[in-house]
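Take these sequences, add in the hints, and give me the full structure.
Chains A and B are the protein sequences, given in the same order.
One point on numbering: in the numbering used here, the residue at position 235 of the first sequence is 287, and numbering is uninterrupted.
One point on numbering: in the numbering used here, the residue at position 254 of the second sequence is 306, and numbering is uninterrupted.
Calculated directly from the structure, the hints in this document are not laboratory data.
Relax, there's no trap hidden among the hints.
Copies of the same chain are indistinguishable here, so a pair counts whether it falls within one copy or spans any two.
As a list, the in silico DSSO-like pairs of lysine-lysine whose alpha-carbon atoms are at most 30 Å apart:
| hint | residue 1 | residue 2 |
| --- | --- | --- |
| 1 | 579 | 73 |
| 2 | 594 | 562 |
| 3 | 391 | 594 |
| 4 | 294 | 185 |
| 5 | 494 | 579 |
| 6 | 294 | 305 |
| 7 | 562 | 500 |
| 8 | 391 | 562 |
| 9 | 594 | 463 |
There are 2 protein chains.
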Amino acid sequence: MTITSTPAWAALESHRQSVGKSHLKDLFASDPNRVESLSLTFDGILYDFSKQRMTSETLGLLASLAREARVSESTERMFAGERINISEGRSVLHVALRRSAGPFPGSQFDVMPEVIETRRRMAEFAERLRSGKCLGHKGMPIRDVVNIGIGGSDLGPKMMGQALRSLSHPALGVHYISNLDAAQLAPLLQTLDPRTTLFIVVSKTFTTQETMFNANTAREWLRANLGDELVSENHFAAVSSKPERAVEFGVSKDLVFPIWDWVGGRYSLWSAVGLALMVAIGPHAFDEMLRGAERMDEHFRTTPFERNLPVVMALIGIWNTNFLGATTNSVLPYNESLKYFPSFLQQLEMESNGKSVSIGGEALDYATSPIVWGELGNNGQHAFFQLLHQGGRLVPCDFIAAVRSDFPLPKHQEALLSNCFAQSAALAFGRNESEVRASLEKESLSPKEIADLLPHRVFAGNQPSSTMLLSSLNPGSLGSLVALYEHKVFVQGAVWGINSFDQWGVELGKAVANRILPAVYEPELAKMLDASTQGLLNFSRKHLK
Amino acid sequence: MTITSTPAWAALESHRQSVGKSHLKDLFASDPNRVESLSLTFDGILYDFSKQRMTSETLGLLASLAREARVSESTERMFAGERINISEGRSVLHVALRRSAGPFPGSQFDVMPEVIETRRRMAEFAERLRSGKCLGHKGMPIRDVVNIGIGGSDLGPKMMGQALRSLSHPALGVHYISNLDAAQLAPLLQTLDPRTTLFIVVSKTFTTQETMFNANTAREWLRANLGDELVSENHFAAVSSKPERAVEFGVSKDLVFPIWDWVGGRYSLWSAVGLALMVAIGPHAFDEMLRGAERMDEHFRTTPFERNLPVVMALIGIWNTNFLGATTNSVLPYNESLKYFPSFLQQLEMESNGKSVSIGGEALDYATSPIVWGELGNNGQHAFFQLLHQGGRLVPCDFIAAVRSDFPLPKHQEALLSNCFAQSAALAFGRNESEVRASLEKESLSPKEIADLLPHRVFAGNQPSSTMLLSSLNPGSLGSLVALYEHKVFVQGAVWGINSFDQWGVELGKAVANRILPAVYEPELAKMLDASTQGLLNFSRKHLK
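See the structure below:
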């Protein structure tokens, strides 16, 4: 039975006929307790979803849907270490990475000894770096650390490093290099001293094309600058599940940190993939981040659906996507330090749930992951918010802010927050024709001018949003926040009946790129390619030299 | 008559029944000349749209639609300086900003004398800064320039400055500050020397909340550091249509540069709003950028629709949005230096055409601007491309790359381009069941394993995209590229019958923010606000102190 043929789905379909068409203005007017019943707090986080186009009844029906989809059972199977990523035959145990103690998931299959040992080794290395005791060329202390990784080996630590930059080590530079474009790596190298630079190469297989290109170029740069005296082991660390390949590349065995097949790249921030982050913020803050995530894990595992943050957030997304027909979800942080958060969520959500076959391989006839997009909210107001307010498209928005500023200046934070709250209110409640008319009449315009302007100045409102407020950006609250979104994605995958943990969709492009690359150099080889690729290659060859 | 009731619209509707359902694989197989007929070149740019779900016939029908929408007449009215932004009673003359000579738009109403005089003053000031002759505190030369502006006063120069960073002045720092969050300005101030820093305050009205907050904080910082000896005029320049307000703020009259009501913020890169960019790249390169844009203007104005880049690009967007039902458009630059280009386009497209009433004020019953989103393409491959390949959603993509690298390293560029071309090919052509089966059989799997994996490894393909290749990132090609997108937006607005040049949708949020801000400080005032805002304010007050 697919989820769309359950009684709960049918109940939601008919419920949509009524509440789905109500205006948020009326929903607020008709229920004075609306905000209390449609908001949750947890661990310094307020999640206000009262401006979603739903009622408590909707939430109850959605919770029934989650029960019919057996979400709790799926959750328990994940925590029990079952191989729920069946297309790859793997367990899904990123929750182990933030546990304080074992055995976990069980005494038969206990991953905690290696998790805790790795954490210890990471902390030891990070402290050595932070205290200037990690030595580069001829005994000079390392001053810059460059993380080379892409996708999950980049976005998580980079996002969190930016979010916690107020805690960054004052004297160590930590940099992130991901893509093939030399315009990322080359300008960075110009600013670095090869004698005091260490690269962390992060790749599960140690074969990722982008990462190996950049790692090889980094090694060439060291060789070119340090010559025969280069001791490669002093300038590289690695995170990989293939340690022998890292050693062969030139990394000291002591500086290869493991990653396991039960951690997906986009869930790996908490593992050794977070090493560069730990170097920046220190092992203590890193540990606080793990504790925040662990608290969210417990909340997720033990709280009834209607008060369970990840479950509620997931169900709101399903309501918007599958019942109200939204195709996108906009993420709008009102905090400069969260500027990479939309990109991080793009991967987490779209790579996990951008699928159109069920876990059992049947084609789905309902929508899955929306397109996640967004920008810093305050900037967005002066850019694309026009479309949110008057574009006529349904775009559910997630507003995210931290109350306390991480870099305070007088009065800025109060004004920033007032903008954040104002936008969600304006989107929800709008401004109708009679309100606009009243305001235009005050501007002493002629009746004709008023009539002409009126339709352009009406705001339909009823654009749904949630607001997530953190008391401040600190390792614990951010750990909680990211774990919250991870579990949200898990719940949605469980309801949609898909495998959130594989990513076969990334394979074809890699295979095609491997066919095209030799044809860049060898025009004869292009003849086997499609006509468009041939044309693009012809144009390129003309301009490459 | 609305556009949907024209014969051309009806013809496209019925045409969609056939070609809209064809697979790109078949479209390529059935026409060996497809790439020639569905690609254009102009001024070092190749625009290949052969992987859009259309044929030459589609293009012909779309061109008819543009004729029925009287796009040429609209274009001529814009170039003639008519007040086509009727809701604000303004002409739309950003094209004047890149003209080499006047009179323009006509001898009666000629804006060129002030345009050329402003260009001259900008160049003179930029050269003074670049040669170290612009003096800050006690005769020390200015070394850092901070542009304070938001939206159109930030995104354009910042995007272009990044795109042309290989040309940046080696000894002058140019920085961009936009939003209210002190976490943007405060960390920057920590790195600057107040004695040698100059701020350019960019605001048409000189009242923009974010910009004035940041400008005031900058002035306080100068005062706090330089004390009574501060000469404000040595540390500020301004771009505004209200010069008296800038002078009152403390800017020397000689350093206030004008902006005019016939230039919209999102089209203002070419005006004095681009001053910080000119400081970075120099007046000569800035001028080359204007020449590139002017060449595109001429191409746009004089080329038949079927070979006219902006028109074709606009019509493809209309085909995807209004006939194939796409709700978004993904912009995927394969170039680190173009990393702000998606954000720039978000404003340009969504603020211009995110409207749901016609220019005459009638409610529209068809879609207008899609949601524009995107990231650096190579990073996206390892993040959200899963959804593009297998998510089952129609997402038209714009791939953008420059053939020659602006920061070359051996072999990187060839690999980068091969990835760019591979992704669009994989999206278009996919990999069907029998191809997957053949490939799995080579992996020596059991029949059951093959059957289980097969559906997860099929790629439906038929995801449409265009690829835009520039020979290199240079001022001319980038000027052309931006002008191309500006005119694309214009053509779409003309076909949709909307005013692309107002932005009433940004007003309500500002008004609401002004009501909320005092209530942050004064709980009594919150009682007049909606219940959700009250709750958010209560939580905030607890954590603000």
